[in-house]
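Novice: Using the sequences and the hints given, assemble the complete structure.
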Amino acid sequence: MIRFERVSVRYEGTEHPTLSGVDLTVPEGELVLLVGPSGVGKSTLLGTVSGLVPHFTGGLLSGRVTVDGRDTRTHKPRELADLVGTVGQDPLAHFVTDTVEDELAYGMESLGLAPDVMRRRVEETLDLLGLAELRDRPIATLSGGQQQRVAIGSVLTPHPKVLVLDEPTSALDPAAAEEVLAVLQRLVHDLGTTVLMAEHRLERVVQYADQVVLLPAPGAPPVLGPPAEIMKVSPVRPPVAELGLLAGWDPLPLSVRDARRGAGGLRERLADLSPPAPTGTPGASEGMSGAPEGTSGSHLPGASVPAGTDVPRASGPGRTPGPVVAAARPPPGPPPRGGAGGPAVSAVPRAWGRGCTGGRVGAAARPRPGRLARLLGRGSAAPVTPAAADPVTRVDGLGVRRGRVEALRRVTLTVAPGETVALMGRNGAGKSTLLGALVGMIEPTSGTVRVGGLAPARTDPRAMVRRVGLVPQEPRDLLYADTVAAECAAADQDAGAVAGTCRALVSELLPGVGDDTHPRDLSEGQRLALALALVLTGRPPLLLLDEPTRGLDYAAKGRLVGVLRGLAAEGHAIVLATHDVELAAELAHRVVILADGEVVADGPTGQVVVSSPAFAPQTAKILAPQEWLTVSQVRDALEAGA
Amino acid sequence: MTASPAPAPASTPVRLLRRALHAPEADRANALPAGAWWLWALGLATAASRTTNPLLLGLLIGVAGYVVAARRTDAPWARSYGAFIKLGLFVVALRLVFSVFLGSQIPGTHTVFTLPELPLPDWAQGVRIGGRVTAEQLVFSLYDGMKLATLLICVGAANSLANPARLLKSLPGALYEAGVAVVVAMTFAPNMVADVVRLRTARRLRGRPTGGVRAVAQIGLPVLEGALERSVAVAASMDARGYGRTAQVPAAVRHTTNVLTLGGLLGVCAGTYGLLAAQGAVYGLPLLLAGLVVAMAGLRLGGRRSVRTRYRPDRWGVRAWLVACSGAAVAAAMIWAGAVDPEALRPGVVPLTAPVLPLWPAAAALIGLLPALVAPVPPSNRAAVDRPAQRGKEQA
Chain W
0 MIRFERVSVR YEGTEHPTLS GVDLTVPEGE LVLLVGPSGV GKSTLLGTVS
50 GLVPHFTGGL LSGRVTVDGR DTRTHKPREL ADLVGTVGQD PLAHFVTDTV
100 EDELAYGMES LGLAPDVMRR RVEETLDLLG LAELRDRPIA TLSGGQQQRV
150 AIGSVLTPHP KVLVLDEPTS ALDPAAAEEV LAVLQRLVHD LGTTVLMAEH
200 RLERVVQYAD QVVLLPAPGA PPVLGPPAEI MKVSPVRPPV AELGLLAGWD
250 PLPLSVRDAR RGAGGLRERL ADLSPPAPTG TPGASEGMSG APEGTSGSHL
300 PGASVPAGTD VPRASGPGRT PGPVVAAARP PPGPPPRGGA GGPAVSAVPR
350 AWGRGCTGGR VGAAARPRPG RLARLLGRGS AAPVTPAAAD PVTRVDGLGV
400 RRGRVEALRR VTLTVAPGET VALMGRNGAG KSTLLGALVG MIEPTSGTVR
450 VGGLAPARTD PRAMVRRVGL VPQEPRDLLY ADTVAAECAA ADQDAGAVAG
500 TCRALVSELL PGVGDDTHPR DLSEGQRLAL ALALVLTGRP PLLLLDEPTR
550 GLDYAAKGRL VGVLRGLAAE GHAIVLATHD VELAAELAHR VVILADGEVV
600 ADGPTGQVVV SSPAFAPQTA KILAPQEWLT VSQVRDALEA GA
Chain A
0 MTASPAPAPA STPVRLLRRA LHAPEADRAN ALPAGAWWLW ALGLATAASR
50 TTNPLLLGLL IGVAGYVVAA RRTDAPWARS YGAFIKLGLF VVALRLVFSV
100 FLGSQIPGTH TVFTLPELPL PDWAQGVRIG GRVTAEQLVF SLYDGMKLAT
150 LLICVGAANS LANPARLLKS LPGALYEAGV AVVVAMTFAP NMVADVVRLR
200 TARRLRGRPT GGVRAVAQIG LPVLEGALER SVAVAASMDA RGYGRTAQVP
250 AAVRHTTNVL TLGGLLGVCA GTYGLLAAQG AVYGLPLLLA GLVVAMAGLR
300 LGGRRSVRTR YRPDRWGVRA WLVACSGAAV AAAMIWAGAV DPEALRPGVV
350 PLTAPVLPLW PAAAALIGLL PALVAPVPPS NRAAVDRPAQ RGKEQA
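Each protein sequence line maps, in turn, to chains W and A.
All residue numbers for the first sequence refer to numbering that gives the first Met the number 0, where the first residue is 0 and numbers rise by one.
All residue numbers for the second sequence refer to numbering that gives the first Met the number 0, where the first residue is 0 and numbers rise by one.
Since the hints were derived computationally from the structure, they do not count as laboratory data.
Any given hint could be a false lead.
Stated by the list, open to error - Here are a few chain A residues that sit away from chain W, every Cβ distance over 10 Å (derived from the structure):
id, residue
1, Phe97
2, Gln124
3, Gly130
4, Ala134
5, Pro208
6, Asp238
7, Leu284
8, Pro285
9, Leu298
10, Ala328
11, Leu368
Claimed, not checked - To be clear about the criterion: a stretch of chain W counts as covered by chain A if any three or more of its residues have a C-beta under 8 Å from a C-beta of chain A, and this derived list gives those stretches:
id, region
12, 109-121
13, 127-141
Because the structure is a prediction, the values reported are computed rather than measured.
Each residue gets a CB set at the ideal place from its N, CA and C atoms; glycine is no exception.
Specialist: Okay, structure coming up:
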């Protein structure tokens with residue numbers, strides 16, 4: 000159906016071709032999955048099928064791509080519109096009209112189909128994708144999963160033979176992703192549509208694939224094969240395959256169901272080993288995960304784990320049960336963190352205040368606010384101190400209303416220093432709202448929020464920066480400057496830190512990124528690391544991350560896990576809002592599940608997650624009822640037992 | 000149905016009529032074309048432009064407001080009505096302020112108060128700043144401002160009742176591409192606003208003030224960047240979905256299209272000039288009409304290039320005609336009344352008299368309420384109306 004003949008693509012201004020030597024055939028009626036690390040040209044390969052590469056994006060394509068006999072060199076994207084349907088990662092960027100029904104009809108209108116045909120197909124598609132109740136709704140009011148289904152429906156109505164999807168489930172919660180994948184499954188099975196799909200979240204999709212195309216490295220020729228074979232050699236693979244490799248299962252299982260069938264032996268081997276100690280106390284869990292090779296990029300030898308990770312190792316042997324481990328390696332910058340008792344919040348502003356006056360940072364650029372802030376800082380130093388004795392973040396009976404919608408209801412939550420909490424729940428459950436309330440962007444309607452003893456919404460942003468930091472869903476929102484160096488200088492100034500603090504953090508989190516790099520040229524993972532460094536410049540004891548793994552591949556995710564573990568070990572309290580069950584399993588000591596603005600579950604990760612069908616990581620599903628959460632836990636236990 | 004009384008033994012003609020008049024719930028199939036709402040609102044606006052009687056103007060505003068309250072949806076554009084009312088009040092206030100400070104040509108005897116007058120040089124004859132303010136002059140500007148405000152409110156009513164995207168969809172095929180551009184731009188505005196809000200909160204995350212010139216400068220660039228990226232993404236999506244596919248048209252047809260469109264537009268220009276110029280009234284109107292016809296023919300022929308079809312275009316049914324005609328009827332009645340009894344529609348200000356509500360024009364204005372009866376009811380309103388009724392039934 001799709002034939003690539005010696006295809007290579009090179010964009011203008013780049014030295015190496017993004018793709019080269021692609022020679023493969025995608026047969027009709029198959030679901031083919033495209034895998035590979037970030038930046039190997041997956042999107043480019045997908046773009047060549049719809050003709051958007053090179054007709055729309057520019058660049059030089061050599062070789063030949065034919066779709067159902069039509070050569071993309073001679074056919075523009077619009078002339079392939081009846082044959083190829085394309086859906087990207089962000090459905091909102093795909094929509095042309097404003098209501099569901101119009102959107103479904105748009106493609107057919109462009110192709111000039113007869114009105115009665117259009118009407119019939121719209122009705123069929125509404126039923127096929129379960130969108131019938133939403134037909135008159137404005138698209139902007141739909142949830143993420145619904146939007147993605149509308150996007151798929153809108154390219155289905157012209158009855159294309161080929162469907163090209165670029166990360167269709169990356170932005171979705173597990174349930175919404177399953178909705179979308181069920182639809183794809185149905186298209187392939189019932190309608191014989193050929194589907195070519197790229198996706199980072201392999202744990203969700205690999206079991207549905209008939210074949211897998213692996214792009215191992217930029218410019219390297221792709222490898223096509225059955226999923227089980229490719230997963231053995233792939234640099235990226237889902238936990239189920241990882242566990243299968245570890246246990247030596249053959250054939251390699253790709254779904255939880257297959258793995259469970261063969262998992263009896265492994266469960267027996269693990270039965271007398273104790274699952275990891277209850278992860279309620281951060282110190283203990285850090286000790287557990289601090290075993291060598293146990294962290295992050297274990298399946299990625301090349302992944303550079305930043306220096307932060309050696310902190311848990313250093314503190315691991317001690318197995319301090321207390322909530323806070325004295326930082327084994329003090330962070331760069333002048334003020335040494337407070338005593339071993341915990342990050343004494345009171346020490347931070349005073350120390351930084353001194354830094355600010357001493358370094359005269361920011362005094363020139365914004366004289367008035369700077370002076371005012373310093374005055375305020377000195378004035379409020381006394382009242383802050385008693386409150387600062389309470390380093391715990393407390394949310395008590397929090398309610399937030401937006402118009403008539405109650406976004407949060409009676410939410411109660413405490414986060415101790417050194418603790419990592421994962422907030423989970425479907426899209427729109429109130430996760431981001433809770434983070435917004437913690438950081439002070441959203442004023443509580445009822446109840447109280449106390450971060451470092453202060454109410455975030457009533458405190459000056461410049462003061463809050465040193466108490467709580469949030470990395471938003473789109474890290475790019477935090478970046479304004481043209482270069483990394485300018486960004487760092489601004490961050491130092493914003494946080495009142497000594498010049499160079501941020502730059503040191505960047506070098507730690509993002510080794511090998513030059514001062515002159517434009518933030519836009521960074522990859523998704525690098526940008527996240529830069530935003531994280533900017534937020535950490537104020538050394539906030541409470542760190543919040545909203546969907547940090549969106550768009551990250553396994554390698555970048557592994558690095559992030561390492562960094563966050565290091566920060567938790569230094570005494571930072573971390574709250575993550577995430578759909579990524581694997582990330583939560585790797586990192587969180589506690590999981591809080593929100594639904595309709597209420598906390599419906601709050602407990603140690605093992606207990607909350609293992610019992611939940613939607614939020615259990617694959618390892619937990621395979622090895623249930625034993626409480627193993629990640630492959631690395633299993634590996635460590637086996638190695639220790641051997 | 001819930002509103003109808005207990006089942007009658009026989010279906011009398013009256014009952015059948017009532018059932019036919021009972022407005023159905025709005026959905027896509029029976030939605031009124033945007034054009035019908037605009038015709039209705041323009042009819043009311045025309046009527047308003049014919050009178051300065053504050054009672055009639057108030058009645059027209061009331062009619063428009065009642066229909067809007069009864070038939071508007073929850074859509075974003077439907078919320079614009081309040082903004083138009085505020086704009087109307089602002090216009091009235093502005094008109095009064097100008098009248099007070101700049102004086103007026105209206106002779107009057109009832110002095111309300113006197114402002115200190117600014118002495119102006121001779122060459123500024125006829126211009127006055129400050130001075131005597133009379134009741135007549137105030138009343139005149141109030142009437143005048145009310146007329147403008149009523150026009151604005153009628154436009155606002157159309158704006159909040161008619162879906163702008165659907166209005167653009169009813170453009171002729173040759174203008175389709177321009178229409179799509181406008182629709183895409185309209186969906187962009189809210190997105191950009193959302194971007195601004197997001198970036199402002201992000202500034203807060205870095206501990207910077209969210210106001211001030213620096214903030215605007217720093218937020219502006221990323222917002223524009225985001226808008227640009229989004230438009231490129233939408234363009235790619237539209238291209239991949241067949242936007243701009245064209246049919247092969249013979250060269251002769253293409254040339255004819257160009258000639259007709261250009262010639263028609265020239266005719267329209269010349270005709271308009273003729274109408275406005277003093278001596279061209281004879282050939283002005285025919286030329287304008289001929290130009291319009293030729294240009295329309297050109298557009299229609301140009302539509303042949305586009306292969307696209309329309310999905311469920313709005314249908315002009317009986318209800319649409321009733322809505323449009325009710326507006327036209329109000330306008331016609333008011334124009335007729337203006338010719339027959341100009342005094343009633345323009346109450347005098349010199350000498351000051353209390354305005355009287357002329358009975359027949361007022362009754363005619365009430366025809367404008369017809370859409371509140373015949374137009375399909377938006378679902379959310381219907382739910383709100385029905386729920387108490389149902390609850391009543393359950394209790395019964």
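Novice: For the region 109-121 of chain W, count the residues whose Cβ lies under 8 Å from any Cβ of chain A; is that count three or more?
Specialist: holds (count 9)
Novice: Are all beta-carbon distances from A/Gly130 to chain W longer than 10 Å?
Specialist: holds, 46 Å
Novice: Are all beta-carbon distances from A/Pro208 to chain W longer than 10 Å?
Specialist: violated, 7 Å
Novice: Using Cβ atoms and 10 Å as the threshold, tell me whether A/Leu298 really stays out of contact range of chain W.
Specialist: holds, 18 Å
Novice: Can we confirm that no CB of chain W comes within 10 Å of the CB of A/Gln124?
Specialist: holds, 51 Å
Novice: Minimum Cβ separation between A/Leu284 and chain W greater than 10 Å?
Specialist: Consistent with the label, A/Leu284 stays out of reach of chain W, its closest Cβ about 38 Å off (over 10 Å).
Novice: Hey, does A/Asp238 actually stay past 10 Å from chain W on C-beta?
Specialist: A/Asp238 is in fact no farther than 10 Å from some Cβ atom of chain W, at 5 Å.
Novice: At 10 Å, judged by beta carbons, does A/Phe97 keep clear of chain W as stated?
Specialist: holds, 39 Å
Novice: Can we trust that A/Ala134 is non-interface, i.e. its beta-carbon lies farther than 10 Å from all of chain W?
Specialist: holds, 45 Å
Novice: Non-interface claim for A/Leu368: all C-beta distances to chain W beyond 10 Å?
Specialist: holds, 27 Å
Novice: Please check whether the beta-carbon of A/Ala328 is more than 10 Å away from every beta-carbon in chain W.
Specialist: Given a closest Cβ separation of 31 Å, the condition holds.
Novice: Closer than 8 Å Cβ to Cβ for three or more residues is the test here. Does the region 127-141 of chain W pass it with chain A?
Specialist: This one holds; 4 residues, not fewer than the three required, reach chain A with a Cβ under 8 Å.
The structure shown violates the earlier hints numbered 5 and 6.
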